[in-house]
Amino acid sequence: MNFAALKAIFDGTETIRKVVVKIAMSEIEEQR
Numbered sequence: 000m001n002f003a004a005l006k007a008i009f010d011g012t013e014t015i016r017k018v019v020v021k022i023a024m025s026e027i028e029e030q031r
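The sequence shown begins at 0 in numbering that gives the first Met the number 0 and counts up one residue at a time.
Read the hints as simulated data drawn from the structure, not as lab findings. Incorrect hints may have been included.
Stated by the list, open to error - Label-pair distances were calculated between CB atoms; the ranges are: (1) 4 to 26: 30 to 40 Å; (2) 22 to 2: 38 to 48 Å; (3) 30 to 1: 38 to 48 Å.
Stated by the list, open to error - Listed below are the simulated SDA-like cross-link pairs for lysine to any residue, each with C-alpha atoms no more than 25 Å apart in a straight line: (4) 17 to 2; (5) 6 to 18; (6) 17 to 3; (7) 21 to 31; (8) 17 to 29; (9) 21 to 11; (10) 21 to 9; (11) 6 to 20; (12) 17 to 31; (13) 17 to 27; (14) 6 to 17; (15) 21 to 10; (16) 17 to 5; (17) 21 to 7.
Bear in mind the structure is a predicted one, so any value in this text is a computation, not a measurement. All residues carry an ideal CB built from backbone N, CA and C; glycine is no exception.
Between the sequences and the hints, there should be enough to build the whole structure, so can you do that?
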């Protein structure tokens, strides 16, 4: 596997994780 593909996959998972965290934060805010 070449480096560019590996980096693209890592950037993708990083973005998804940020979105998940953002959704989780808004869920917590709504429960208050």
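Given the proposed pairing of residue 17 with residue 3, does the C-alpha separation stay at or below 25 Å? Judged against 25 Å, a Cα distance of about 21 Å means the pair holds.
So the hint says 30 to 40 Å: do the beta-carbon atoms of residue 4 and residue 26 match that? For residue 4 and residue 26 the Cβ distance comes to about 33 Å; the hint holds.
Verify the CB-CB distance for residue 30 and residue 1 against the hinted window 38 to 48 Å. Holds, since residue 30 and residue 1 (Cβ atoms, about 44 Å apart) stay within the stated range.
With the threshold set at 25 Å, check whether the alpha-carbon distance from residue 17 to residue 2 stays at or below it. 22 Å, holds
So if I understand the rule, the pair passes when the alpha-carbon distance is 25 Å or less; does residue 17 with residue 5 pass? Roughly 19 Å separates the two Cα atoms, so the pair holds.
Given pair status - residue 10, residue 21, alpha carbons within 25 Å: Holds, because 17 Å separates the two Cα atoms, which is no more than 25 Å.
Check the hint pairing residue 21 with residue 7 against an upper bound of 25 Å on the C-alpha distance. Measuring from Cα to Cα gives roughly 21 Å; hence the hint holds.
Below or equal to 25 Å on CA atoms is what counts here, so check residue 21 against residue 11. 15 Å, holds
Pairwise hint evaluation, residue 27 against residue 17, where the allowed Cα distance is 25 Å at most: Roughly 15 Å separates the two Cα atoms, so the pair holds.
Hint check for residue 2 and residue 22 - Cβ pair distance inside 38 to 48 Å: Violated: the Cβ-Cβ distance is about 30 Å, outside 38 to 48 Å.
Pair hint residue 21 and residue 31, alpha-carbon separation not exceeding 25 Å: 16 Å, holds
Quick one, are residue 17 and residue 31 close enough, alpha carbons at most 25 Å? 22 Å, holds
In summary, the one numbered hint that this structure violates is 2.
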